[in-house]
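Residue numbers (the numbering used here), protein chains in the order written: chain A, 4 to 348; chain B, 232 to 733.
Hint data in this document are derived by calculation from the structure and do not stem from the laboratory.
Hints may be right or wrong, so weigh each one.
Unchecked claim - Simulated pairs of lysine-lysine, DSSO-like, Cα-Cα distance not exceeding 27 Å:
{"#": "1", "chain 1": "A", "residue 1": "Lys-141", "chain 2": "B", "residue 2": "Lys-560"}
{"#": "2", "chain 1": "A", "residue 1": "Lys-297", "chain 2": "B", "residue 2": "Lys-608"}
{"#": "3", "chain 1": "B", "residue 1": "Lys-628", "chain 2": "A", "residue 2": "Lys-21"}
{"#": "4", "chain 1": "A", "residue 1": "Lys-17", "chain 2": "B", "residue 2": "Lys-628"}
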Amino acid sequence: MGETKKRTMSPDAKGVLKFVSDHAIIFLIILLAIITWANSQNFISPDNLGNLISNVAPRFIIACGVSGCLITKGTDLSAGRQVGLAACFAAMMQQELTYSARVFDWMPDMPWIASLLITVAIMACFGAINGCVIAFLKVPPFIATLGMQTLVYGICQIITGNQPIGGFKESYRALASGNFLSNVLGRYSRLLPYLLLPALLVGLFMWFLYNKTRHGKYMYAIGGNENAAQVAGVNVPATLIRIYILASVMYALAGFLIGSKAGGASTATGTGYELEAIAACTIGGVSVNGGVGKVSGILIGVLVFEVLKICLQFLRFDPAYTFIAQGLVIIVAVALDLRKYLAKK
Amino acid sequence: MSEYRLEMRGVVKTFPGVKALDHAQLNLRPGTVHALMGENGAGKSTLMKCMFGIYHMDEGEVIYEGEKVQIKGPLDALNRGIAMVHQELQPIPERSIGENIYVGRYPTKKYGPVTVIDHGKMYEDAAAVLKEVHLNFDPRAKLGSLSVSQMQLVEIAKAVSADCKVLILDEPTSSLTAAEVEALFTIVNELRQKGVSIVYISHKMDEILRISDEVTIMRDGQYIGTWDAKGLTTDFIITKMVGRELSNLFPKRENVPGEVVFEVEDFTSINPKSFRHASFNVRRGEILGVAGLVGAQRTELMEGLFGLRSHTAGKITYQGKELKINQPKDAINNGIAMLTEDRRATGILGVLSIADNVSIASLNQYLVGGIMLDDGKIEQLVQDNVAKLSIKTPSSKTQIQSLSGGNQQKVLISRWLANDPDVFILDEPTRGIDVGAKYEIYCIIAELAKQGKSVIMISSEMSELIGMSDRVMVMCDGRVTGFIDGAEANQENIMALATQFE
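Chain A on its own, in the form it takes in the complex (with noise of 0.2 Å):
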């Protein structure tokens, strides 16, 4: 009886199945890109790829720092507000020094990069913050960093004075904007937007570190298990802080860059992004139990969700069908991961 089951589908057919079943939302919305091409031709444009490109850069290097708090079974639900207090410390020290409402009126100009650096050491510290009260005081990450968005929130108020901020120079205003070889490539330039090397670089930096290293090795361990991790001499406490240090590193370096393409920063600036680049992470495999995340995968569950939102607006959604579109694959996407663990059972 087994076999004439067998023998109605090879095990290469049952494989084919078995690998579109476990990634069913990629397959969805690769449906749903090439429905949305069909519609229309626009869909494929250098200047919509370029668009996308632009929007998943950022988010990406959000959800990267995010994975690593994911993968050691925490989160970071400061991430949106830490991305939107470094766009709002990145843009005050990018203003034009004849911009009148210039917030810093008495600092000298600067050059992005030192600009950069400064927000990156300012955010490297509200991680510290996060990883000492995790690790140490034993608050679990989802309180800890709960109490961190609101402070981060009241901090950016105070320091923006509630206004938003604008009259960037053109200088930084170029960094988010600007197209590598536009001059060879014309329009199809658009397809390499300067975001796109941050981005890459943040991706090789993270594979690196999550395969190559003893601090992704250790991040690993301490999500299978945080007691035998303990136990095999990793340095726990250690790791978490390193790990939300990095997290909120690659928020600064987000904010910088969100700064910049929006061409304004305000307190408003990144507000639900950390459930975004959360969502993502989750799409694409960082297991919710732990233990279990790749680069590639955090890249693919960014695409999915911007691909998605940039379909249901070729198609002509209203807004907040996107929003309630976005809710169910969230849903959707945990319920599978966690049925290929229930299937063992």
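Keeping the supplied structure of chain A fixed, place chain B upon it in accordance with the hints.
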């Protein structure tokens, strides 16, 4: 009506990659204790989970009181009078004992149209049930206030409260003390007299031979046979379980204990109820067995030495050099390794690969340029250990949680071997490991000692202690109560020291 209360016939259950049950069967008579035996992975628990409705069998049938039935789930099983006490407890420690007993089937009362839980009746019933199994607990106390073994007894009370006709006890004594085992046996005997059919799963031969009427043995998911317990011998059962003759339970040891290298003096816990004033030493190439009852604080003492628990006083020296150990890292850097008692909780990194599990404690050795890990070197290390310890795994990338207990244990031993430690602390190294794999672990332990490593082995299995130790240290209630030479150690002199309460 047939002579059996419950029959399982031709049960097949397949999991991805393994045939867990291959035409297994079980015939339960009313009013008997039926021991179900087999190595780990033989399919005992799976068969019971099929009976209890946690798993759905692929093929086969269940005949209950002469009628073919389909058990849809645990609640259905309970309603039919089949109860199960699980190997791994699922307690809710923050709720009361009574609530834990009646969770999911609370007695209710009605206020007009509103149905509410009748707490009064629940606690009254719970008290009666507890009394029935000779437990003197307040049903309103938090379950978490009990010890693990007491919780296990409450779990049994819960099964009794279901007024069952079939009771499945899956390794019920694994965390019980000797006195509690006696209490359990009294309950089991009373239930048997009432006509309850009891399925008893255990690895402890002496218990099986004492309590059971019939024995069914399984191997690799298959039914091997059922015998009358009277007249069965341990050797016979093991032979049937393993499927081959085991000429000897323990390997021949060729280690020669040398000079004293590892010394512990006056080691005292920060917790006054835990270990105190513990002093002992271990020689080079010696296996020191550590005996004691549950609660003797053996694990706590060893975890203290390894830096997992804090101590207030005491001195640890290796070859005359004093070691400062405040965390596991310090112990590891000083050449101490520890195989913890609970493999799943503090040993394996479940979702990670064999390679990651082997290398995690020794990553510093495989660095290129101080930063990058050399995957080739790690793979070499893993392959060496897989070959040396004959670890059965499809590849080094396999998740450790998919291996059997014995192979998981070997992977954990490999983890420590990579650091080439001088002192090896083994806490219950063969717990939950089947007979065949146990022998292999014993061989590894003997080999470690032969290489001149100092081995400290905590064990609750008398035969293991007596069979493997050069010397036995006995603890009672946090104190070291004495040492016995391995050749002279026996159940009586060990128990005498283990029960030397102040």
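Checked hints:
1. A/Lys-141 x B/Lys-560: holds (20 Å)
2. A/Lys-297 x B/Lys-608: holds (22 Å)
3. B/Lys-628 x A/Lys-21: It holds: about 20 Å lies between the C-alpha atoms, which stays within 27 Å.
4. A/Lys-17 x B/Lys-628: holds (22 Å)
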